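Visitor: Sequence lines, in order, name chains F and Y.
Per our numbering, residue 1 is the first one in the first sequence, and the count goes up by one each step.
Per our numbering, residue 1 is the first one in the second sequence, and the count goes up by one each step.
What the hints contain is simulated information worked out from the structure, not anything from laboratory work.
Computed from a predicted model, the values in this text were never measured in an experiment.
Check each hint, because a few of them may be wrong.
Only pairs whose alpha carbons sit at most 30 Å apart, straight line, appear in this in silico DSS-like list of lysine-lysine [to be verified]:
#: 1; chain 1: F; residue 1: Lys-51; chain 2: Y; residue 2: Lys-126
#: 2; chain 1: F; residue 1: Lys-78; chain 2: F; residue 2: Lys-56
#: 3; chain 1: F; residue 1: Lys-369; chain 2: Y; residue 2: Lys-202
#: 4; chain 1: F; residue 1: Lys-375; chain 2: Y; residue 2: Lys-178
#: 5; chain 1: Y; residue 1: Lys-24; chain 2: Y; residue 2: Lys-80
#: 6; chain 1: F; residue 1: Lys-375; chain 2: Y; residue 2: Lys-203
#: 7; chain 1: Y; residue 1: Lys-178; chain 2: Y; residue 2: Lys-203
#: 8; chain 1: F; residue 1: Lys-30; chain 2: Y; residue 2: Lys-61
#: 9; chain 1: Y; residue 1: Lys-203; chain 2: F; residue 2: Lys-278
#: 10; chain 1: Y; residue 1: Lys-122; chain 2: Y; residue 2: Lys-178
#: 11; chain 1: Y; residue 1: Lys-176; chain 2: Y; residue 2: Lys-126
#: 12; chain 1: F; residue 1: Lys-170; chain 2: F; residue 2: Lys-131
#: 13; chain 1: Y; residue 1: Lys-80; chain 2: Y; residue 2: Lys-67
#: 14; chain 1: F; residue 1: Lys-163; chain 2: F; residue 2: Lys-132
#: 15; chain 1: Y; residue 1: Lys-202; chain 2: F; residue 2: Lys-278
#: 16; chain 1: F; residue 1: Lys-132; chain 2: F; residue 2: Lys-210
#: 17; chain 1: F; residue 1: Lys-369; chain 2: F; residue 2: Lys-383
#: 18; chain 1: Y; residue 1: Lys-24; chain 2: F; residue 2: Lys-51
#: 19; chain 1: F; residue 1: Lys-167; chain 2: F; residue 2: Lys-131
#: 20; chain 1: F; residue 1: Lys-51; chain 2: Y; residue 2: Lys-61
#: 21; chain 1: F; residue 1: Lys-163; chain 2: F; residue 2: Lys-100
#: 22; chain 1: F; residue 1: Lys-384; chain 2: F; residue 2: Lys-398
#: 23; chain 1: F; residue 1: Lys-78; chain 2: F; residue 2: Lys-51
#: 24; chain 1: F; residue 1: Lys-78; chain 2: F; residue 2: Lys-416
#: 25; chain 1: Y; residue 1: Lys-178; chain 2: Y; residue 2: Lys-202
#: 26; chain 1: F; residue 1: Lys-375; chain 2: F; residue 2: Lys-416
#: 27; chain 1: F; residue 1: Lys-163; chain 2: F; residue 2: Lys-131
#: 28; chain 1: F; residue 1: Lys-369; chain 2: Y; residue 2: Lys-203
#: 29; chain 1: F; residue 1: Lys-30; chain 2: F; residue 2: Lys-56
#: 30; chain 1: F; residue 1: Lys-62; chain 2: F; residue 2: Lys-154
Here is what each chain is made of, one letter per residue.
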Amino acid sequence: MGAFSGLGDKLKHVFSKLTSRGKLDEYEIKQAMREIRIALLEADVNFNVVKDFISKISERAKGEEIVKSVTPGQQVVKIVNDELVELMGSKNAKLEVASKPPTVIMMCGLQGAGKTTMCGKLGLMLRKQGKKPLLVACDIYRPAAINQLMIVGKNVGLEVFEKGTQKPVKTAEQAVRYAESNGYDTVIIDTAGRLHINDDLMRELEDIKKEVRPTEILLTVDSMTGQDAVTVATAFNERLDITGVILTKLDGDTRGGAALSIKAVTGKPIKFCGTGEKPADIEPFHPDRMASRILGMGDIVSLVEKAQEAMDEEEMRRMEKRVKDATFTLDDFLLQFESLKKMGGISEVMQMIPGMNRLKVGDKDIDEKRIERFKAIICSMTKKEREHPEIVKSSRRKRISAGSGTSIQDVNQLLKQFEQTRDMMRKMKNNKGRLPF
Amino acid sequence: MGLFTKIKAALKKTKDAISYRLNKLFTGGVLGGEFYDELETILLSADIGSETTESILDELKSAIDKKHITRTEDVRTELKNIMHDLLDFELPDEEYPLVILVAGVNGVGKTTTIGKLAHNFKRAGKSVTIVAADTFRAAAADQLTVWAERSGVRIVKQSEGADAAAVVYDAIQSAKSKGTEVTLIDTAGRLHNKVNLMEELKKIDRIIDREFPSAMRLNYIVLDATTGQNAISQVDLFNEAIDIDGIVLTKLDGTAKGGVVLAIAGEEEVPVVYVGVGEGIDDLERFDIDDFVSAIVDGE
Numbered sequence: 001m002g003a004f005s006g007l008g009d010k011l012k013h014v015f016s017k018l019t020s021r022g023k024l025d026e027y028e029i030k031q032a033m034r035e036i037r038i039a040l041l042e043a044d045v046n047f048n049v050v051k052d053f054i055s056k057i058s059e060r061a062k063g064e065e066i067v068k069s070v071t072p073g074q075q076v077v078k079i080v081n082d083e084l085v086e087l088m089g090s091k092n093a094k095l096e097v098a099s100k101p102p103t104v105i106m107m108c109g110l111q112g113a114g115k116t117t118m119c120g121k122l123g124l125m126l127r128k129q130g131k132k133p134l135l136v137a138c139d140i141y142r143p144a145a146i147n148q149l150m151i152v153g154k155n156v157g158l159e160v161f162e163k164g165t166q167k168p169v170k171t172a173e174q175a176v177r178y179a180e181s182n183g184y185d186t187v188i189i190d191t192a193g194r195l196h197i198n199d200d201l202m203r204e205l206e207d208i209k210k211e212v213r214p215t216e217i218l219l220t221v222d223s224m225t226g227q228d229a230v231t232v233a234t235a236f237n238e239r240l241d242i243t244g245v246i247l248t249k250l251d252g253d254t255r256g257g258a259a260l261s262i263k264a265v266t267g268k269p270i271k272f273c274g275t276g277e278k279p280a281d282i283e284p285f286h287p288d289r290m291a292s293r294i295l296g297m298g299d300i301v302s303l304v305e306k307a308q309e310a311m312d313e314e315e316m317r318r319m320e321k322r323v324k325d326a327t328f329t330l331d332d333f334l335l336q337f338e339s340l341k342k343m344g345g346i347s348e349v350m351q352m353i354p355g356m357n358r359l360k361v362g363d364k365d366i367d368e369k370r371i372e373r374f375k376a377i378i379c380s381m382t383k384k385e386r387e388h389p390e391i392v393k394s395s396r397r398k399r400i401s402a403g404s405g406t407s408i409q410d411v412n413q414l415l416k417q418f419e420q421t422r423d424m425m426r427k428m429k430n431n432k433g434r435l436p437f
Numbered sequence: 001m002g003l004f005t006k007i008k009a010a011l012k013k014t015k016d017a018i019s020y021r022l023n024k025l026f027t028g029g030v031l032g033g034e035f036y037d038e039l040e041t042i043l044l045s046a047d048i049g050s051e052t053t054e055s056i057l058d059e060l061k062s063a064i065d066k067k068h069i070t071r072t073e074d075v076r077t078e079l080k081n082i083m084h085d086l087l088d089f090e091l092p093d094e095e096y097p098l099v100i101l102v103a104g105v106n107g108v109g110k111t112t113t114i115g116k117l118a119h120n121f122k123r124a125g126k127s128v129t130i131v132a133a134d135t136f137r138a139a140a141a142d143q144l145t146v147w148a149e150r151s152g153v154r155i156v157k158q159s160e161g162a163d164a165a166a167v168v169y170d171a172i173q174s175a176k177s178k179g180t181e182v183t184l185i186d187t188a189g190r191l192h193n194k195v196n197l198m199e200e201l202k203k204i205d206r207i208i209d210r211e212f213p214s215a216m217r218l219n220y221i222v223l224d225a226t227t228g229q230n231a232i233s234q235v236d237l238f239n240e241a242i243d244i245d246g247i248v249l250t251k252l253d254g255t256a257k258g259g260v261v262l263a264i265a266g267e268e269e270v271p272v273v274y275v276g277v278g279e280g281i282d283d284l285e286r287f288d289i290d291d292f293v294s295a296i297v298d299g300e
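Take the sequences, apply the hints, and build the full model.
Guide: Written out as C-alpha cells, the structure is:
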C-alpha cells in the first residue's frame, strides 16, 4: 500500500499522537522525524535531501517554538510545510525574455521525459500570451522525432523549423537567423533525449548553447523520477548551467518528491509543469501546491480552480454562500457530483481531494458507478431530508435504500462522505482557504 | 582540465565512491549500527524504497543471527541471496503463435522495446508482425515503421487517430491468416490513473483473447529504471486492468539502478523479463538476476 498512502496521512498519524500530549520531548520528536523521513523517502525525495531536511526540521522543532505552542503537533506540521515550500522556492518563476529578440529557449532532458510534447505546450502558451514562437526540430536521433514535432506544431498551429538530420547545432543556428528575419520573437529548440553520462551528446548541447546563447535552458524532468533525479539534474546543470526545470506527467498519481530533490541540488527554479495529454495542459509551478502534494494533502487550490471552470458562475456563487453560511446540503452535494463529471471525471478529481488520495483510483469504491448510486440515493430523498441530512435515521435509511435500489450501507456511506465533505469545507472556511491540518 | 573532462571525472568519482564505500563496508568494519545505516543508504539510493529496504535488512539480520555470520564479506553474499530470491520467478516457455501486448506510462520506451523485441524474435527465426496500436501520440506509427524496417518485419498500422482496438482487431485477423508466429502490439502511453485510457487497454486485451484464443498471450509492462516508487502503483493498476506477465525494465544504461522492481516483486509478484540497456537494436537483454543484484550491491 506504500504508494497509495500519502505522506500527509502518515504525518497526520504521527501528529495525532503528538497533539494528544501536552508537550514534546526529544524522544517524541525523534519518532515524528522517523515517520517523516520514511514518508519523504516513499515520496521519492532523494535520501541525502531527506537527511538535510530532517536535521533542519529537528533543529527547529527542538527550539522553543514547539514548547511554547499550545498544540505541538500543529506547530510541527507547520514547520514541515514551511520548510518544504521554502526549499522548493517561495514564488513561481516566470520565463526570462531576451532584451533583443528572439528569445531562445533550449529544451533538454533524458529520453521520454516529454520534451517534444512540452515544446508544443510552451509554444501554445506563449502564443496565447501574444508571442510568435518558432519550434525547432533538433532531435536527429530518435526515429520520427522530427515528424512528431511537425505534427505537434501543426496541432497547435505553430511553424516548425527543420533541416532533416543535419548537425543539430547548425539547424539551431539557422533557425535563430530565420526567426530574426521572419519576425518570430521566441525560438523553442527541441533536442534529443540523452543520458547525462553520454559525453558526446552532452557536448552537442554545449555546442548548441555556445552557438545560439539561449535565454532559457530548461531541463525537462519526469515527475515520477526516483533517487536518480539528483544525479541527472546535477549533471545537466553542471554542464549547461540550466535556467530552470519543467516537471512533466504531474497528472499521474506520483507524489513528485523529485521536485524537491532537483530544487535542492541545483537551486534552479521549477517553472512549469505538464498536467495532461492536451496541448493546453501546462501550468506554472506553485511551490506551495507541490508541497501539499508531496505531503499528500491534495492539491486543493488546483481543485478549486478546476471547479471554477466547470461550474457556471451562478452555481459557484450559490455554493460559496452555502459554504459561508454553513448550510451546505445534500442538494449541493449532488451539484458537486454533476460538476465532478464536467471536471474530467472522478479519477482526476479524487487525486486532489485531501483524504481521498488514499483510495485507489479505479477502485470499485470510487468509480463512476458509485457516483451514479449516490445520485440515485439523493434523488430518493425528500426535500426536507436533503436539507437536513441529520434527520435521516434508520427507518428513513431503509426507505431511501429501497427507493433507490441500493443497500443501506450505500446510504450510510453517502451520508458519511457528505458529512466529511461538509466538515472539510467548514475547516477551509475557518482557515481562510488554508488546508485543515 | 576542460569542463567535459571534469564532469567525466566527477561522475567516475561518484561511481568509484559508491564502489569504494561498498568495498570498505563489506571488507572491513564491524556489524554494528553504522554498518546497517550504510547498507540502508545503499539500498535506498537504488530506489528499493523504505519499506522493502527495511524488510530486506530485517531478513538479513535474522540470517546473520541464525547462521552466526561474522565476516562482512559473508554478509554481502547473504544480502545478494536475499535479493536474488525476491526476484526469482519461474517464467513460462514461449509457445507459438504468440501475442505480446506492450503497455506502460508515457515515455518509458515502449516503441523502442517493441523494435528490439521484433529484432530478437526475427533473429531467432520467427515470423514477426508488429502492430502500431499507439494511434494517439504524434508520429508514433512512423517511429515504429523505422524499427520495422530496421529489423525487417511486417508492420500493421492505420492513420493517426484511428481506433486502437480496431487496429488490433485487423492485425489479429491478418496474423491468423498469414500464420504469423509472433505478434507484437505497441500501445499508446497512458498514465495508470486515467480510468478511460485503462478501459481502452482492457478492450484491446479482450479483443485479443476473443479473436485469437489459440495464441499464447503475454502482457508486458515497460518500466523506466529512472522511476521511483510510483512504479509500484503503475504495475499495480496495469496488472489490475490486464494481468501483467512481466516487466521490461528500460534505461538501465544510465545511472539509475531500477531497484523498485524489488519492491514490485514483493508486493505484486510480477517478474522482470527483459532489460533495456541502450538505443541500439541489440540493446535488449534477458533479465539476469545476478547482474542486476551485483549492480546494486557491488556498485558495478
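Visitor: Among the hints numbered above, which are violated by the structure, and what are their numbers in rising order?
Guide: 1, 4 and 30
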